[in-house]
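Take these sequences, add in the hints, and give me the full structure.
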Amino acid sequence: MSSMTSGNDSLQVDPTFVGQLQRDLEQAFNVLSDRCLYESAKWTAEALIGLDLEDEDASADDADIMQDATVARTQLEYADASDITMFDRMPASERRKYTLAKACFSCREYDRTVMFLDKCNSPKCMFLRLFAKYISGEKKKEERSEVILGPLDGDSTPNKELAIIIGELELYFRSSDLSKHDPFLLYLYGIVLIKHKCEKAAVEPLIRSVKLYPYNWGAWLELLACVSTIDQLPSILAQIPTSHIMAKTFEVVTSQELFQSTDAVFATLSQLEIVFPNFQFLKVQRALLCYHALEYNESEKLFDTVLTVDPHRLDDMDMYSNILYVTEQRAKLAYLAQLASSTDKFRPETCCIIANYYSLKSEHEKAVVYYRRALTLNRNCLGAWTLMGHEYVELKNIRAAIESYRRAIGVNSKDVRAWYGLGQAYEVIEMYYYSFFYYQRAAALKPYDHRMWVALGNCFEKLQRPTEAIKAYKRALSLSEMEVSILQKLSSLHASIGDVASAARYSQLCKEADTQS
Amino acid sequence: MSSRRPSQAFSTPVPTGRAGTLSRPESNLGSGVASSASLPDAPALTSGYSASPVPAGSSHNSSILSISPIARVLQIPATPQSASATPLPPITKNEYPFGFGSDMEATSTPVINSSGTASGLQDADAPLSQADRLRLWRHDALMQHQYQTAVFIGDTVLSITDDPNDAFWLAQVHYNTGHYARARQLLMRQELDRSASCRYLAALCLTRLSKWDEALLVIGETNPFQNDDDSNATSDGGIKLEASMCYLRGIIYSNQNNFEKAKDCYKEALTVDIKCYEAFDELIANSLMTPVEEWEFLSSLRFDGNEDGELVKLLYTTKLNKYYNTNRFFEAEQQLQTKYNLEENSDLIQSRAELLFVQCRFRQCLELCEKVLERDRFKFSIIPLYLACLHELEKKNKLFLIAHEMAENHPEEPVTWLTVGVYYLSIHKIAEARRFFSKASMMNPHFGAAWIGFAHTFAVEGEHEQAVSAYSTAARLFQGTHLPSLFLGMQHLQLHNFTLAEEYLDASYNICKTDPLLLNEMGVVLYHKNQLNEALEFFFRALKVADELDSDTKAWVPIKINLGHAFRQLRRWPEALEHFEEVLRVSKHEPEVYSAIGLVNLQLGRTEQAVINFQEALSLAPNDPVSWDLLKRALEENANSMISKNDG
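Protein sequence lines correspond, in order, to chains C and H. If you read the first sequence in this note's numbering, its first letter stands for residue -2, the second for the next number, and so on. If you read the second sequence in this note's numbering, its first letter stands for residue 13, the second for the next number, and so on.
Keep in mind that a hint or two might mislead.
[Unchecked claim] These stretches of chain C come out as covered by chain H in the derived footprint (C-beta under 8 angstroms, 3 or more residues): (1) 146 to 158; (2) 163 to 174; (3) 430 to 436.
Keep in mind that the hints were calculated from the coordinates and are not lab data. Each residue gets a CB set at the ideal place from its N, CA and C atoms; glycine is no exception.
Here it is in structure tokens:
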């Protein structure tokens, strides 16, 4: 760990540390797959492959490293990862049931899993039972919701198990000792609270979960879901020892999601990449950070390398297709679509890529069809709702667009495009108070983007408040490089409130900017 | 009864003695004879029953299953029989030579009656007479439910012997066949009129024929034995006939809608003989007494006179209402489980399930109900409870199944149609539900559950007036439960008749002080009357009670919401928010809660948050005009507040 904290210049990674990390991750993989947390287990396995293990032979020789490991372990500020075995304990009678329940879970027979573990009291059994209950509730919710954007789709069709699971977990937490709380039950508690729209309440159990067991990537992701603005991040980071490698990863991903393409973030990412030189996940994060910083070429290159190493990795490839869409590389987008569809036609990511392709070809109806398919496959598919909203705007179906954007925000409240899209949609139907509200939210997420302030200024103008409009435009102007349109607006607004001098000044500036370009 | 002739005695044609149900009569011969020697002559048992002194000792309603006629006949002299006990004027005996019990011999009446009697006494091994053989035949036929045979042979025997006993038994056969009028007619024969058993059976027939007034006439308006303090006659485990008669009287009264009298009759029946479970069941199942009254009554009963008194007392204790004295219930349950090995007894499990239901722990209650029904699929007494659980937990499929099974197998039971009604109610087919509830209540006009269901169908549709009238009927039937008045109060609350609502709720509160729902409703009334602090007090009490009962979240969520509203009205914003947010965490999301939170946030100037709250509310209930209005207001204030911030 010391190598981590010493900063950028330490390019050499302590092999002891890596060996320890490798063992921790290996154990984490077993722990996670044993609890049927397959996505997190996959992430862990990808991280393992991504580790820098130059001396693979040496690490195979466990005996030596075991000695060093104890040293490295004392440096870990977390509960010892091997403590997790404490939570694995269960009576022999439950063990057999657990095996069966796990098998059922793997075969997607969730209700059976719940039933077989019905009377088991060990935390591990309880976790799998309630987790299966949650998944089963989600599955049934999907089934009841029927068509995407149909009458039954949305909040009126909730997961009926959520309140029950919350009740059971609260009973458990109340009746057992705080120190003995199982990190996975805390994780599950966080999941259901977020699903139940109680993000605020979810933060505390999730933080405790990652402190007890940091190698559960899923828990970090849920914690990420609780953060809706950048202001909330420091208070969370203050509660977790940030030197741990998982905490650092979390920090990077959160910053990425919140569009913080700052140098500090890149620096942390670089540190991580020293430990995990071949971790595709980190590469994608870097690519996305570049994308947010509008460095499309760099981003594209990074995605290309990911695709070369792992051509069938569909995760995050819909983001790549967005970049190709923005840069209008139709051929490359078509290639990506073909590749994805040959890997798996029925992955939401694939559908999004294809939809992007059709959208680029201005075949918006077809794009909508594919977005709908993506959402049918997974209603929580992050980008699809927003992009479908865009398509509906193109198709002049404002109602559907608004609904899509709204759902996008329900899935991920950090989606600026959806907030902005809502603002635009309401502007089209001349509901400026609504529009104002959404632009306001978008501006809160991306305060340094002049487009948000232009939109807000525009809204004030429509609401007959020229003074406020001027303020907003001035803010936009300070964030952009003397854009002509803003200067024009400012000039005319000043004229309208009778401030002729300022109007003249801005009109002069406008002319200058025009001639420069 | 007013027509009773003076100096006629009720006497039992069928004396005591319980053989095993289908045991051959021979097996009893010995014992009958043997005991005959030891028993003293009958003591005088009757007392000041004005017109017709009836022997109180006529303890048995000679269950048809009890003993075969032969054995009975042989036993007759053995038992100190009621009739003999009565200090009847001799004329009676002459008039009724064939009488029952020992007077038969005492009078040494000729003896159509029996070779059995006469000879049997002297020589138990003597071959049976023809009449006795025929009686045996009749008896076997009856036991094997071959009623045609029983009627045929019974009639033959009667013709041969012209014995009132045979007439009585033939009447029993008719009763079993369901030919009540026929049985009644047979029992109308003058001579039979004087026997208590005959009268009981006759009255029973009349009740079956719904001729309540006539039945009452036969059985008498009051208990003629009420001044006897005799409790020794049931030592053999039978039920005292007079208790049964009291019970029957109660049935008649309750059918005449005279519930007070009915209640007294049932209570009297139990006072006479604690073993008269029918009366106990009527009292408890129909909640004729208030909870406190029930407990008081139980402790007033004398269980000590009976060998099994302790067991019976424990059993009855578990059956009482679950509003009070849960500790005593647990004690009784514990004892029954350990001492009497009744752990798996379905009635005990049912009692436990009832307790869980009162505590609103529906899931556990359902588990127990299912455990009982697994063994006894058609245990009618538990089915209303089971239905309530299924309805609460929205288990429509299980409701469907049980409704079909019941309708296929027991179409004659009112509870079957209650089941069908509950099913339709749970799938929101209100008209159908109403039809079946109504059918159930037609089949049994005293079926409180059916009436409540019937009322619910109106309440659901917002037909408050009709709901009120149906609930009123239920309230009349179910005097001891607080629910009907609670529902009435709720209806009036919805009609904004706060004074009336308060009255009904108070009445309900007098019965049960520990129902969180009731306390909640009382709080709501106060809230509407703008007595916010008092309302708060009630809500807190409701919460406390819910907490003590250890209820499911479902029970206390509405209370928390109301607490939130009360705090909101009192402008105590943080407390209001706290309660609303807790509700959101632990329960299904309701649009009203979001709106309420939105209002609080609006008041606190958190306009952005308020906008989000109202949108949440609208996404759950898109057609709520109030939320739309509030959203519009919040959006405008949001824009304005942004402006004022900019200015500042």
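Results for each hint:
Three residues within the 8 angstroms Cβ limit are the bar, and the stretch 146 to 158 of chain C against chain H gives 5, so the coverage statement holds. Using a Cβ-Cβ cut-off of 8 angstroms, 3 residues of the stretch 163 to 174 of chain C lie near chain H, which meets the minimum of three, so the contact claim holds. Only residues whose C-beta sits within less than 8 angstroms of a C-beta in chain H count toward coverage, and the stretch 430 to 436 of chain C has 4 of them, enough to reach three; the restraint holds.
In this structure, none of the earlier numbered hints is contradicted; all agree with it.
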